[in-house]
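Chemist: Here the sequence shown stands for residues 120 to 378, numbered as in the numbering used here.
Please note: incorrect hints may appear among the correct ones.
Here are the computed lysine to aspartate or glutamate pairs in the EDC-like style, where the Cα-Cα straight-line distance is at most 16 Å [claimed, not checked]:
#1 Lys148 <-> Asp129
#2 Lys316 <-> Glu351
#3 Lys148 <-> Asp195
#4 Lys167 <-> Glu351
#5 Lys212 <-> Glu188
#6 Lys287 <-> Glu351
#7 Lys301 <-> Asp376
#8 Lys167 <-> Asp285
#9 Lys148 <-> Glu188
#10 Lys308 <-> Glu358
#11 Lys212 <-> Glu202
#12 Lys308 <-> Asp238
#13 Lys301 <-> Glu358
#14 Lys167 <-> Glu373
#15 Lys167 <-> Glu313
#16 Lys301 <-> Glu373
#17 Lys316 <-> Asp231
#18 Lys329 <-> Asp124
#19 Lys290 <-> Asp368
#20 Lys308 <-> Glu373
#21 Lys290 <-> Glu351
#22 Lys329 <-> Glu351
#23 Lys372 <-> Asp285
#24 Lys287 <-> Asp338
#25 Lys366 <-> Glu313
#26 Lys329 <-> Glu358
#27 Lys354 <-> Asp330
#28 Lys290 <-> Glu358
#29 Lys260 <-> Asp285
#30 Lys167 <-> Asp338
The set of hints was computed from the structure by calculation and includes no laboratory data.
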Amino acid sequence: MNKIDIRTVDVTQYVQPLREGGSLPAIVKADDDFLYVIKFRGAGQGKKALIAEFIGGEIARAIGLNVPELVFMNLDDSFSKTEPDEEIQDLLKFSVGLNLGLHFLSGAITFDPLVSNVDAYTASLVVLLDSIISNIDRTAKNTNLLHWHNALWVIDNGASFYFHHDFKNWKNHLTRTFPLIKDHVLVQKATQLEEAKKQITTVLTTHVIKDIVNSIPEDWLTNESDNMSSTEMRKAYIEFINSRLSKIDLLVKEAQDAR
Numbered sequence: 120m121n122k123i124d125i126r127t128v129d130v131t132q133y134v135q136p137l138r139e140g141g142s143l144p145a146i147v148k149a150d151d152d153f154l155y156v157i158k159f160r161g162a163g164q165g166k167k168a169l170i171a172e173f174i175g176g177e178i179a180r181a182i183g184l185n186v187p188e189l190v191f192m193n194l195d196d197s198f199s200k201t202e203p204d205e206e207i208q209d210l211l212k213f214s215v216g217l218n219l220g221l222h223f224l225s226g227a228i229t230f231d232p233l234v235s236n237v238d239a240y241t242a243s244l245v246v247l248l249d250s251i252i253s254n255i256d257r258t259a260k261n262t263n264l265l266h267w268h269n270a271l272w273v274i275d276n277g278a279s280f281y282f283h284h285d286f287k288n289w290k291n292h293l294t295r296t297f298p299l300i301k302d303h304v305l306v307q308k309a310t311q312l313e314e315a316k317k318q319i320t321t322v323l324t325t326h327v328i329k330d331i332v333n334s335i336p337e338d339w340l341t342n343e344s345d346n347m348s349s350t351e352m353r354k355a356y357i358e359f360i361n362s363r364l365s366k367i368d369l370l371v372k373e374a375q376d377a378r
């Protein structure tokens with residue numbers, strides 16, 4: 120039995136698209152009366168972006184970072200039939216089924232490295248998180264961080280685990296570090312990497328990693344272009360994350376050198 124308890128809700132209202140995202144996420148209302156930002160399975164990177172978003176978000180939560188609640192969201196075919204915008208109509212049509220939602224943080228503002236404050240320990244946790252999940256999209260140009268209720272919140276991890284776009288060669292990534300950390304928006308503020316490392320290695324056990332990966336919906340792992348079974352894919356994600364943790368001293372040094 121998995122300890123991670125992810126709720127499943129039904130979308131009841133399409134509220135508005137969020138056009139700043141290339142994959143056209145949207146604000147929707149669910150049958151629990153809460154608003155969510157929905158990431159669609161029918162968007163550009165498809166189900167793999169949802170997997171990356173889910174694993175990255177739950178690892179961030181496990182190591183003590185603020186992450187909006189993630190939920191699985193059922194979308195039926197009624198929304199595409201009433202949507203006048205053809206682009207959104209197609210997106211809704213191709214996204215019928217299980218999608219991923221993030222609890223909408225009303226009033227949150229985008230993290231701005233020039234004016235927003237973040238403490239060194241939190242910055243160090245985020246930097247090591249992104250080294251572990253190989254997140255190429257947390258830069259000054261696109262921070263994918265929010266300020267809400269005087270705290271930093273981690274969102275948008277969909278560009279992580281890019282090895283899964285080429286599963287044929289995924290094992291080549293097991294020996295790599297993450298040189299792109301030099302472009303990370305928080306790398307200059309990450310002055311407590313050793314302390315963050317202790318926290319991560321204490322809480323991110325193999326058991327926790329397996330719980331997260333085993334909570335990925337089965338149908339997100341089926342893809343005609345991949346010649347691996349869902350069981351093999353789950354093992355690949357677990358092995359990849361464990362390989363990063365085994366190299367965490369190298370990841371720390373890489374981030375320190377980038378600073």
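Chemist: Indicate, hint by hint, whether the structure satisfies it.
Modeler: Against the structure, the hints come out as follows:
no.	hint	verdict
1	Lys148 <-> Asp129	9 Å, holds
2	Lys316 <-> Glu351	29 Å, violated
3	Lys148 <-> Asp195	13 Å, holds
4	Lys167 <-> Glu351	15 Å, holds
5	Lys212 <-> Glu188	25 Å, violated
6	Lys287 <-> Glu351	12 Å, holds
7	Lys301 <-> Asp376	9 Å, holds
8	Lys167 <-> Asp285	11 Å, holds
9	Lys148 <-> Glu188	14 Å, holds
10	Lys308 <-> Glu358	30 Å, violated
11	Lys212 <-> Glu202	10 Å, holds
12	Lys308 <-> Asp238	8 Å, holds
13	Lys301 <-> Glu358	25 Å, violated
14	Lys167 <-> Glu373	27 Å, violated
15	Lys167 <-> Glu313	31 Å, violated
16	Lys301 <-> Glu373	8 Å, holds
17	Lys316 <-> Asp231	25 Å, violated
18	Lys329 <-> Asp124	14 Å, holds
19	Lys290 <-> Asp368	20 Å, violated
20	Lys308 <-> Glu373	15 Å, holds
21	Lys290 <-> Glu351	12 Å, holds
22	Lys329 <-> Glu351	13 Å, holds
23	Lys372 <-> Asp285	28 Å, violated
24	Lys287 <-> Asp338	20 Å, violated
25	Lys366 <-> Glu313	13 Å, holds
26	Lys329 <-> Glu358	10 Å, holds
27	Lys354 <-> Asp330	12 Å, holds
28	Lys290 <-> Glu358	9 Å, holds
29	Lys260 <-> Asp285	26 Å, violated
30	Lys167 <-> Asp338	11 Å, holds
In this structure, the hints that do not hold are numbers 2, 5, 10, 13, 14, 15, 17, 19, 23, 24, 29, in rising order.
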